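J.: Here are the chains, one letter per residue:
2 protein chains.
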Amino acid sequence: MKSVKVNSSATVANIVCGFDILGFALNCPCDELTVEVSEEPGVQIINEDDFDLPTEAEKNVSGAALLALLEEATDIKGLKLTSKKNIMPGSGIGSSAASAAGVVVAANHLLGNRFTKQDLVRFAMNGEKVACGVKHADNIAPCIYGGVTLIRSVFPLDIISIDAPPLHVTVVHPQIEVRTSDARQILKQQVLLKDAIKQWGNIAGLVAGFINHDYDLIGRSLEDVIIEPVRSILIPGFDEIKKASKEAGALGGGISGSGPSIFMLSKDAATAFAVEAAMKSIYDKMGVAYHTHVTTINKEGVKIV
Amino acid sequence: MKSVKVNSSATVANIVCGFDILGFALNCPCDELTVEVSEEPGVQIINEDDFDLPTEAEKNVSGAALLALLEEATDIKGLKLTSKKNIMPGSGIGSSAASAAGVVVAANHLLGNRFTKQDLVRFAMNGEKVACGVKHADNIAPCIYGGVTLIRSVFPLDIISIDAPPLHVTVVHPQIEVRTSDARQILKQQVLLKDAIKQWGNIAGLVAGFINHDYDLIGRSLEDVIIEPVRSILIPGFDEIKKASKEAGALGGGISGSGPSIFMLSKDAATAFAVEAAMKSIYDKMGVAYHTHVTTINKEGVKIV
Numbered sequence: 001m002k003s004v005k006v007n008s009s010a011t012v013a014n015i016v017c018g019f020d021i022l023g024f025a026l027n028c029p030c031d032e033l034t035v036e037v038s039e040e041p042g043v044q045i046i047n048e049d050d051f052d053l054p055t056e057a058e059k060n061v062s063g064a065a066l067l068a069l070l071e072e073a074t075d076i077k078g079l080k081l082t083s084k085k086n087i088m089p090g091s092g093i094g095s096s097a098a099s100a101a102g103v104v105v106a107a108n109h110l111l112g113n114r115f116t117k118q119d120l121v122r123f124a125m126n127g128e129k130v131a132c133g134v135k136h137a138d139n140i141a142p143c144i145y146g147g148v149t150l151i152r153s154v155f156p157l158d159i160i161s162i163d164a165p166p167l168h169v170t171v172v173h174p175q176i177e178v179r180t181s182d183a184r185q186i187l188k189q190q191v192l193l194k195d196a197i198k199q200w201g202n203i204a205g206l207v208a209g210f211i212n213h214d215y216d217l218i219g220r221s222l223e224d225v226i227i228e229p230v231r232s233i234l235i236p237g238f239d240e241i242k243k244a245s246k247e248a249g250a251l252g253g254g255i256s257g258s259g260p261s262i263f264m265l266s267k268d269a270a271t272a273f274a275v276e277a278a279m280k281s282i283y284d285k286m287g288v289a290y291h292t293h294v295t296t297i298n299k300e301g302v303k304i305v
Numbered sequence: 001m002k003s004v005k006v007n008s009s010a011t012v013a014n015i016v017c018g019f020d021i022l023g024f025a026l027n028c029p030c031d032e033l034t035v036e037v038s039e040e041p042g043v044q045i046i047n048e049d050d051f052d053l054p055t056e057a058e059k060n061v062s063g064a065a066l067l068a069l070l071e072e073a074t075d076i077k078g079l080k081l082t083s084k085k086n087i088m089p090g091s092g093i094g095s096s097a098a099s100a101a102g103v104v105v106a107a108n109h110l111l112g113n114r115f116t117k118q119d120l121v122r123f124a125m126n127g128e129k130v131a132c133g134v135k136h137a138d139n140i141a142p143c144i145y146g147g148v149t150l151i152r153s154v155f156p157l158d159i160i161s162i163d164a165p166p167l168h169v170t171v172v173h174p175q176i177e178v179r180t181s182d183a184r185q186i187l188k189q190q191v192l193l194k195d196a197i198k199q200w201g202n203i204a205g206l207v208a209g210f211i212n213h214d215y216d217l218i219g220r221s222l223e224d225v226i227i228e229p230v231r232s233i234l235i236p237g238f239d240e241i242k243k244a245s246k247e248a249g250a251l252g253g254g255i256s257g258s259g260p261s262i263f264m265l266s267k268d269a270a271t272a273f274a275v276e277a278a279m280k281s282i283y284d285k286m287g288v289a290y291h292t293h294v295t296t297i298n299k300e301g302v303k304i305v
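Here the protein sequences line up with chains A and B, keeping their order.
Its first residue numbered 1, the first sequence is counted upward by one per residue in full-length UniProt numbering.
Its first residue numbered 1, the second sequence is counted upward by one per residue in full-length UniProt numbering.
The set of hints was computed from the structure by calculation and includes no laboratory data.
One or more hints might be untrue.
Calculated cross-link-like contacts (lysine-lysine; reagent style DSSO-like; alpha-carbon spacing at most 27 Å) [claimed, not checked]:
(1) B/80 <-> A/198
(2) A/5 <-> A/59
(3) A/198 <-> B/198
(4) B/303 <-> B/80
(5) A/117 <-> B/198
(6) A/117 <-> A/303
(7) B/194 <-> A/198
(8) B/299 <-> A/198
(9) B/5 <-> A/194
(10) A/243 <-> A/285
(11) A/135 <-> B/194
(12) B/129 <-> B/5
(13) A/194 <-> B/135
(14) A/129 <-> B/135
Partial selection, computed: residues in chain B whose CB lies under 8 Å from chain A [claimed, not checked]:
(15) 21
(16) 53
(17) 150
(18) 152
(19) 153
(20) 160
(21) 162
(22) 192
(23) 196
(24) 203
(25) 220
To give a feel for the contact side, a few chain A residues facing chain B, derived at Cβ under 8 Å [to be verified]:
(26) 19
(27) 211
(28) 221
Predicted model, so just to flag it, every value in this text is computed and none were measured.
Beta carbons are placed, not taken as given, at the ideal position from N, Cα and C, and that holds for glycine.
Kindly generate the complete structure, drawing on both the sequences and the hints.
T.: The following block contains the structure:
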């Protein structure tokens, strides 16, 4: 095998009450990434999109992930990446994770799948370090494992796939910039114990709701009393979008990752499209530019094309 | 039917990382409670044990629970309770909950099961208010529902039964007093966000481990970084008991309720007895008097005899 192409999907991290621990993968949008073995040492990067991302491997999210993999694949001289990103950087739906996770899955396939999924998460987290300064697995893990993914612990890595019923996802991406570092900084370092208890009651309910395919319980548990009240201030129209989405039938939802995208979960496709219409109507009235996606949860993770 | 007798079991609340939200019922010890319809208004109480509990209904845990039920069973004049408690008050294994939950289940059976389990929890919480000043469902809910029980919310009540694999429980009750109110007061009102995140990662793992019957995940998730470090100071030999129990093969465990009892979960009976021996050896060396129980999770809740 000389070259492997993958579709690496967008992901939603910080599922409402599951801040820093729960995420899921989407079926669209996807980045298209092709990795080839190369005789040239290191990682060469060709970008086939208009995002003007760095081509120097150490400064590129995919490059840093592949360099980490190459350190442990000592029989391989170099890798060449051709990257066509469709997930807009800074959207809050795991654009950097799709790049970092996609390329290591592709490279692993090229090398006869010698690494475990957990190894791949470890490599890909180097890409997140380039993107936001912190090795986190919030988006990487669901991107690689697919489905709903619990990151119980990052050091040491402990990733658990959580079964879930069919869910339809509506995402709206208002065209504003929320920097991950800013979204981190406005969080309080201390929280009230009573709020933390409420939050972990909801997380327990959400996990039980997912595994038991209990849509009502999922809906009741999609409540965040700690992060959302602080971060939603950075997102125009957040409260209105949430209210209108629930009125349109959404089970619930919240900020995707650190924003600015907002996601909503629905039981069926018709509701997910009604939620999209409700979101559009709010942002049209407010004069906020946006993109929307209506999709489902991607259960497979990164797809070899 | 003139009289109903029940066995109402001990319960473990605050399952390690599941402070205030997760508990389970034990198969022993049990209180023996008999409720009869009476022509005398209100609730009469006869105690057949040596705990010297109040017989005035308003000041008695069972009495307060039955009075709450009587308010909604307007066709019934009065009830008579004969109570033989085997669960020592103040042990941390839900003695007051067994009294309050047991009598309302018995009364409901006597009255043709007209109330839902949720109604019964609501009535029984009045008993907890007498016992510790707060209406909480931490022990009441698992006592009535049986098995592992999630209390996602108290107001409004949202109780979810969590499936779990067979588990053997070892409980050691050092003969010291820890008052629930003291155990509450020493908790900090604020916690670090990073600790809260670790805690809710563990809760998510614990719930997934229970439902998926994944003993390893249950073991890894039985970690409490918020409550245990503070409260365990009140319990002599806590760290030694925990260490010795894990060395004897326990999956993990911690403080039962607000203490002083300590519980440990094991995969099989032999391990649970080895854990008991390890616990005994620690307290024997320290010269601490104690009781132990080796039992399993009670999946049925309060049992009609």
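J.: Confirm or reject each hint.
T.: Structure-based check of all given hints:
no. : hint            : result
1   : B/80 <-> A/198  : 38 Å, violated
2   : A/5 <-> A/59    : 22 Å, holds
3   : A/198 <-> B/198 : 15 Å, holds
4   : B/303 <-> B/80  : 19 Å, holds
5   : A/117 <-> B/198 : 22 Å, holds
6   : A/117 <-> A/303 : 14 Å, holds
7   : B/194 <-> A/198 : 16 Å, holds
8   : B/299 <-> A/198 : 26 Å, holds
9   : B/5 <-> A/194   : 38 Å, violated
10  : A/243 <-> A/285 : 15 Å, holds
11  : A/135 <-> B/194 : 15 Å, holds
12  : B/129 <-> B/5   : 24 Å, holds
13  : A/194 <-> B/135 : 15 Å, holds
14  : A/129 <-> B/135 : 47 Å, violated
15  : 21              : 4 Å, holds
16  : 53              : 30 Å, violated
17  : 150             : 5 Å, holds
18  : 152             : 4 Å, holds
19  : 153             : 6 Å, holds
20  : 160             : 6 Å, holds
21  : 162             : 6 Å, holds
22  : 192             : 6 Å, holds
23  : 196             : 4 Å, holds
24  : 203             : 5 Å, holds
25  : 220             : 6 Å, holds
26  : 19              : 6 Å, holds
27  : 211             : 5 Å, holds
28  : 221             : 7 Å, holds
Checked against the numbered hints given earlier, this structure breaks hints 1, 9, 14 and 16; the rest are met.
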